[in-house]
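Residue numbers (this note's numbering), protein chains in the order written: chain X, 1 to 135; chain C, 136 to 270; chain V, 271 to 405; chain G, 406 to 540.
Since the hints were made in silico from the structure, they are not lab data. Hints should not be assumed to be uniformly reliable.
[Unchecked claim] DSS-like cross-link-like pairs, simulated, lysine-lysine; straight-line CA separation at most 30 Å:
| # | chain 1 | residue 1 | chain 2 | residue 2 |
| --- | --- | --- | --- | --- |
| 1 | G | 496 | X | 91 |
| 2 | V | 375 | G | 408 |
| 3 | X | 44 | C | 179 |
| 4 | V | 273 | G | 496 |
[What the hints assert, rightly or not] With the C-beta cut set under 10 Å, the calculated list includes, among others, these residues of chain X facing chain G:
| # | residue |
| --- | --- |
| 5 | 82 |
| 6 | 109 |
| 7 | 130 |
Nothing here was measured: the structure is a model prediction, and the numbers come from that model. Quick reminder that beta carbons are idealized off the backbone N, C-alpha and C, glycines included.
Protein chains: 4
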Amino acid sequence: MSKINPETFNLLLHAELPTAAESGIYAETIDAGKASLVLPYSEKFLRPGGTIAGPFMMLLADVCMYAVVLSLLGEVKLAVTTSLNINFLRKPGECDLVAQGDIIKLGKRLAVVEVSIFSEDEIVAHATGTYSIPP
Amino acid sequence: MSKINPETFNLLLHAELPTAAESGIYAETIDAGKASLVLPYSEKFLRPGGTIAGPFMMLLADVCMYAVVLSLLGEVKLAVTTSLNINFLRKPGECDLVAQGDIIKLGKRLAVVEVSIFSEDEIVAHATGTYSIPP
Amino acid sequence: MSKINPETFNLLLHAELPTAAESGIYAETIDAGKASLVLPYSEKFLRPGGTIAGPFMMLLADVCMYAVVLSLLGEVKLAVTTSLNINFLRKPGECDLVAQGDIIKLGKRLAVVEVSIFSEDEIVAHATGTYSIPP
Amino acid sequence: MSKINPETFNLLLHAELPTAAESGIYAETIDAGKASLVLPYSEKFLRPGGTIAGPFMMLLADVCMYAVVLSLLGEVKLAVTTSLNINFLRKPGECDLVAQGDIIKLGKRLAVVEVSIFSEDEIVAHATGTYSIPP
């Protein structure tokens with residue numbers, strides 16, 4: 001069972017990382033080791049060509065990984081991303097983005113999480129990240 | 136010689152990616168295959184622990200890579216990031232971040248760029264990214 | 271349905287990359303977009319501490335990605351790896367390694383594949399790679 | 406000043422990772438935080454198209470990172486690679502490969518190293534790796 005629910009996570013996000021929360025990102029569902037987050041569409045994320053700019057997808061991926069880690073550890077505020085690798089696969093459309101995160105491995109010092117980002121059911125980016133877990 | 140100067144790049148950034156520009160990021164120097172950008176310190180980038188959140192460093196790295204690519208190609212608006220790999224090395228202090236980007240290889244279809252991010256002269260993150268170049 | 275079967279893939283591996291084949295790597299099952307490969311245990315892969323050295327896991331991951339790509343494209347000899355990102359998660363035991371590869375996205379010019387490597391049912395490494403597809 | 410010299414490193418490589426040593430890889434120069442290694446050309450590394458196969462470049466990159474780490478720490482046998490990210494930039498020719506590794510950051514628990522691989526003075530691959538340092 002998840003150690004954090006979407007409501008609590010969303011409040012935490014507003015408190016801890018208000019600039020990220022201002023983007024509109026929110027968690028929709030969180031299960032143990034799994035989280036689904038949404039970046040609601042806004043014109044302000046577009047770059048020329050009518051596509052959502054990469055940094056907003058990286059922001060979404062990073063917040064999604066954080067939700068996955070907290071689903072297993074509870075409110076560990078000092079867990080930090082230590083690396084992130086992302087492949088951009090296709091230009092997203094002008095619509096909401098949905099990120100689905102899954103734990104790959106939870107160790108004592110390190111968590112590894114994978115995130116797929118979808119635009120209208122098509123995968124548009126895939127990221128893998130590592131999180132350092134405080135002792 | 137660079138095919139774009141910092142003034143033109145900064146105007147382009149405001150026009151193309153206003154949300155990124157609102158963060159305050161600007162190019163300080165651009166030479167052919169090299170660029171130095173600044174993310175001016177703001178409390179809004181902090182996360183608990185008094186450190187600048189990862190997504191703002193990823194944003195800075197991505198914009199810096201774009202400056203490096205444009206320094207070699209000129210205003211190619213449709214060059215897009217295809218992958219980015221970043222290692223977070225140390226918690227940045229509460230001060231400006233400086234990104235230094237260097238071209239690793241410019242091919243016909245792909246450019247590979249490396250970016251080091253510094254906080255008070257200490258490296259805090261290192262990223263490598265690939266850019267797809269339109270034909 | 272896969273466009274290549276394990277027998278054909280294993281013959282191809284011996285013909286194309288004999289040094290890899292000499293390691294003993296072989297494909298066990300290949301379905302469309304999925305492949306399972308084995309690196310049979312040998313003392314020669316060990317490094318101090320009794321663990322299998324990273325480069326052999328990278329070799330296994332790379333060959334597994336190739337099998338996944340060929341399962342979708344058939345015998346395209348000139349598909350080449352353009353990037354690989356791997357996280358080593360846990361020291362493997364002194365036993366066979368099993369790699370399970372899955373396609374993330376097959377585009378016209380690029381394929382993205384994910385590989386998980388297991389030692390006695392525990393994940394020990396996770397890799398993501400991109401393949402360039404010849405026109 | 407480097408805490409290990411090329412002769413000692415090459416002996417260590419033969420003792421610790423004989424399969425890697427059999428490839429012919431050797432360190433040419435090692436300075437503090439820097440190492441230059443060679444993979445002598447051999448037909449057995451080729452893949453169709455007359456190019457050196459990716460896994461041998463990953464092996465070379467990994468061994469080069471190890472040399473860089475040992476140049477700073479001395480003979481720490483249990484330092485292990487925790488991640489590696491590599492971009493293949495160009496097909497190498499049928500000749501020796503030279504890897505040049507540089508430390509990016511040496512921390513207490515983690516070292517980050519960058520490696521560029523050259524074929525006849527042209528860069529053919531670029532890798533970034535992280536090493537876990539035992540306490």
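Under the criterion of a CB-CB separation shorter than 10 Å, is residue 130 (chain X) in contact with chain G as hinted?
holds (7 Å)
Holds or violated: residue 496 (chain G) to residue 91 (chain X), with C-alpha atoms at most 30 Å apart
holds (28 Å)
Is residue 375 (chain V) close enough to residue 408 (chain G), meaning Cα to Cα at most 30 Å?
violated (45 Å)
Can the restraint linking residue 44 (chain X) and residue 179 (chain C) be considered satisfied, given a maximum Cα separation of 30 Å?
holds (18 Å)
Closer than 10 Å between Cβ atoms is the bar; does residue 82 (chain X) clear it against chain G? Give me holds or violated.
Holds. Min distance 8 Å.
Against chain G, with CB atoms and a cut of 10 Å, does the hint on residue 109 (chain X) hold up?
This interface hint holds because 9 Å falls under the 10 Å limit.
Given pair status - residue 496 (chain G), residue 273 (chain V), alpha carbons within 30 Å
Status holds; Cα separation ~27 Å.
In summary, the one numbered hint that this structure violates is 2.
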